[in-house]
Amino acid sequence: VTVDFSASLDALYATFGESATIAGSPITAIYDGGHVEALGVIGTQPSLRCRAADVSAIAVGAAVELDPLLHAIVSYTVRERQVLPPDELEVRLILERA
Amino acid sequence: MAHIRKQVRDAVVAEVTGLATTGARVYTEQVAPLDPSQLPALLVSTPAEDAEQSEKFGGVLVRREITVDIAIKVKTGTPVATLDAIAEQVETALGTTLTVAGAPVDVDYVGMQSDLSDDADRAIGSMVLRFTVTVWTEPGAPGVLAAT
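Top line first, the protein sequences correspond to chains A and B. Using this note's numbering, the first residue of the first sequence is number 1, and each one after it goes up by one. Using this note's numbering, the first residue of the second sequence is number 1, and each one after it goes up by one.
Hints are computed from structural coordinates only; laboratory data are not their basis. In this text the structure is predicted, and so the values were computed from the model without any measurement. Treat the hints with care, since some could be wrong.
Sample of chain A residues facing chain B (criterion: CB under 10 Å; computed from the structure) [unchecked claim]:
| id | residue |
| --- | --- |
| 1 | ILE42 |
| 2 | GLN45 |
| 3 | ARG79 |
| 4 | VAL83 |
| 5 | ARG97 |
Glycine included, each C-beta is placed from N, C-alpha and C at the ideal position.
If we strip away everything but chain B, and leave its shape as in the complex, we get (with noise of 0.2 Å):
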């Protein structure tokens, strides 16, 4: 069994390959810098999570709160503009809930960050817009999803 982070990461994925501007670049494991030729390119990650032990349904739940980065990078003569065209689209795509195992969990876009470089021969746009996924797991079960 997956950790449930990797299944959200996965249902993230999911969503949000096959859009219209970035196609199936999507790239969960990319560590060295991107190539021209692989944009534009979006990046999701789960780069942090907050848990607590809570109450829930009578038991105890690991409550997770999971953040989901999705990093939009583009080089073109119009970045701004292609950062939003394509956000528009992830947002989108993404919605207000997810499927995780075959449950729908809620996905909150909690905000943005952005940032242009004319360094190369074309302008280079990066966006990164960050959602919060929560879910509830069994305790010392982490690929479990117990309720959502």
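Next comes chain A alone, as it looks inside the complex (with noise of 0.2 Å):
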């Protein structure tokens, strides 16, 4: 049996992506805005999860903008990138406030 995860990854980014600009070229994204607590401060640590196709040229320090309909903050920059297991077909971008 073959199983096509690119296919399944449309589904997924169809159904729960956003557009999103990332080094000006607009793309489907999936936006992760979880709260997290630093040295005794509430911040949140937006990432976006993105097909690893769409941010293959995508490097540190590249300009991220949300949708501005969706996010009351929507200039980031790209802090990190990590490829996601099993299968490196999706990267998280870890997005630090502009």
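Make one complex out of these two single chains by using the hints.
Here's what the structure looks like:
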């Protein structure tokens, strides 16, 4: 049996994805804005889950713009790239407020 | 009569309230994590005290060395510079003496520790400035300043 994971990803991103602009190029990504506490201060840890093929050329420091209809804060930069296991078809971009 | 530690804390708060960087965001009872809207902020606490019975002015008094911590919390793109800028204002505001119960008492700066975190959407910085305030109270009367 052959499973086409890329087709599953297409369905996943079609359902949960939103538009974002990274380094000037629009893509569909899944936003995660989980809350964190660090050094006695509450914050968020925003990240974008992306298809690896969409962000293969995106480096740390790239500018990210989120949809202003969905987010109060829209301008970020990429602080870290995490290639997601097990198949490395996705990348999580850790964001820092610009 | 409030305990001498509270009198010291109140005196410290009075000195560091209204700084250009932290304004009125000075807290003494903050237990929960701070919301970003509360930053930059100062947290004043008295986490420790060393005490001994000691002779002074021909009688026995309680000599107290009260540790005063002032924690600076910031969330900014330049946490190191911001922490140092606030520390400069805090140390300047406190000076070397503090008025407690109408009398001047010695304040000694004894050091600091700082830490940074990049776990959030903007860097978070924390710096704890530590001071020692020495006061004398009557035995059995922890709210009565007897000497400085």
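Close enough to count: is the Cβ of ARG97 of chain A nearer than 10 Å to one in chain B? Since chain B brings a Cβ to about 5 Å from ARG97 of chain A, closer than 10 Å, the hint holds.
Min Cβ distance, ARG79 of chain A to chain B: is it shorter than 10 Å? Check passed: Cβ of ARG79 of chain A comes within 7 Å of chain B, closer than 10 Å.
Holds or violated: is the Cβ of ILE42 of chain A closer than 10 Å to a Cβ in chain B? The hint holds - ILE42 of chain A has a Cβ within 10 Å of chain B, the shortest such distance being about 5 Å.
Interface hint status, VAL83 of chain A versus chain B (Cβ within 10 Å): violated (19 Å)
When the least beta-carbon distance from GLN45 of chain A to chain B is tested against 10 Å, hint result: holds (6 Å)
This entry does not satisfy hint 4, going by the numbered hints stated previously; all others are met.
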